[in-house]
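> Quick note, the sequences are listed as chains A and B, same order.
Residue numbering for the first sequence follows the working numbering, starting at 1 and increasing by one per position.
Residue numbering for the second sequence follows the working numbering, starting at 1 and increasing by one per position.
No false leads were slipped in.
Computed list of lysine-lysine pairs in DSSO-like fashion (alpha-carbon distance at most 27 Å, straight line):
1) A:Lys130 - B:Lys131
2) B:Lys67 - B:Lys80
3) A:Lys33 - A:Lys74
4) B:Lys83 - A:Lys140
5) B:Lys86 - A:Lys140
6) B:Lys29 - B:Lys219
7) A:Lys140 - A:Lys130
8) B:Lys225 - B:Lys67
9) B:Lys82 - A:Lys140
10) B:Lys132 - B:Lys219
11) B:Lys219 - B:Lys131
12) B:Lys59 - B:Lys80
13) B:Lys233 - B:Lys29
14) B:Lys59 - B:Lys83
15) B:Lys131 - A:Lys99
16) B:Lys210 - B:Lys139
17) B:Lys132 - A:Lys130
18) A:Lys140 - B:Lys80
19) B:Lys67 - B:Lys16
20) B:Lys59 - B:Lys29
21) B:Lys233 - B:Lys67
22) B:Lys59 - B:Lys86
23) B:Lys86 - B:Lys132
24) A:Lys99 - B:Lys132
These are calculated hints, taken from the structure and not from any lab test.
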Amino acid sequence: MKPRVATAWLGGCSGCHMSFLDLDERLIDLADKVELVYSPIADIKIFPENVDVTLVEGAVTNSENEEMAHLIRKNSRLVIAFGDCATTGNVTAMRNPFKVEDVERRAYIELADKNQRIPDEYVTIAQLLKTAKPLHEVIKVDVWLHGCPPTADQIWFAVTELLQGRIPVLPPAYLRYG
Amino acid sequence: MSVITFTIDGEQYSAKEGDTILQVARDNKIPIPTLCYLEGLSTFGACRLCVVEIEGSQKLFPACTTKPTESMIVHTNTVKLKKYRKMIVELLASEGNHQCAVCVVNGHCELQDLAYEVELDHVRFPYLFPKKSLDATHKDFVIDRNRCVLCTRCVRVCHEVEAAHVWDIAGRGIDCEIIADLNQPWGTSPSCTSCGKCVRVCPTGALFDKGAAVGEMQKESGFIKFIVNARNKHEWVRTAHEEE
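Let the hints inform the model, and build the full structure from the sequences given.
Following this line, the structure appears as structure tokens:
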């Protein structure tokens with residue numbers, strides 16, 4: 001049976017997923033070897049059970065991310081922090097020294113051209129947490145694959161290690177912040 | 001002048017009186033990581049990255065401020081030291097706001113290099129995300145205290161080499177920060193000569209040239225050794241080693 005792989009997009013810019021797509025023709029190889037059971041690049045609505053590996057992009061910055069992180073952990077054997085935001089908070093966490101109210105006022109009032117309004121119901125939009133957190137401050141993380149974004153070669157190294165049943169230990173050459 | 005013979009990592013070396021363990025190690029190409037140390041400036045012993053073990057003592061000693069004694073046995077790269085050095089880098093990362101992706105020195109940063117050297121894959125301590133200020137009032141330079149590791153190279157170079165003493169440290173603990181003159185905007189400092197030495201010696205992106213974009217700044221701090229050597233010994237030469 002093919003390994004069941006998922007990728008998730010929390011508080012990040014999707015750059016890590018773009019870098020994943022930079023695997024280019026290697027994606028064709030990969031498609032034969034794994035079953036992609038959940039991903040922003042696949043139209044699947046609900047995070048499934050019994051996932052072997054999940055790559056998680058982005059920091060945990062709002063209530064939806066937090067809920068999703070716990071669901072991912074519950075349903076995945078291995079969780080990989082995918083990129084700098086998931087590893088350190090990175091750009092997503094640059095708001096952390098400021099109060100949430102100040103961040104919201106800046107985004108929804110001061111910088112809005114029209115319809116200036118701070119969200120007051122959190123049904124259609126998730127509520128910001130007090131601070132954006134790296135993934136491992138919310139759930140247990142097994143592997144960190146950093147970089148902003150991680151390069152396609154770094155991703156390929158991790159993926160091929162996983163396919164051979166090994167937990168990837170990135171060689172120093174693949175350690176890269178920024 | 002008396003010569004001291006001592007052991008580093010199982011090999012015997014000799015030191016001139018007054019040499020530190022770090023100087024002897026550097027002269028003999030034994031790698032010891034450093035951050036606050038800069039050749040040409042006084043030693044400060046703040047960052048603790050250069051800690052070494054000395055047989056007969058449970059304490060760790062900073063190699064930059066510790067002088068060898070006869071028959072001393074020094075270890076520079078034990079499991080214990082690696083553990084502590086990694087922890088130091090983690091603490092430095094967690095108590096600043098270091099977003100490499102949007103930093104002027106991304107790819108040319110001494111803190112980033114240290115993170116790779118200690119094989120830091122994630123920071124185990126909670127990030128503190130302290131609120132730090134940025135001062136862009138100087139006409140040529142900017143100080144972003146979010147990226148400051150309090151190595152005090154800027155303080156020392158300004159005092160010891162430029163003799164202007166613009167920079168100092170204010171506050172305690174997490175509130176510790178580098179201030180200009182009497183804690184005023186850098187651009188209003190009457191003592192700053194705008195020489196830019198502080199910017200060149202800063203190991204991170206805390207001090208940078210105004211207008212530099214992500215990854216654009218490359219610091220060059222080797223000239224401090226040249227200036228100090230020229231001043232003290234009247235030798236206006238760069239060694240081949242420095243030219244590299």
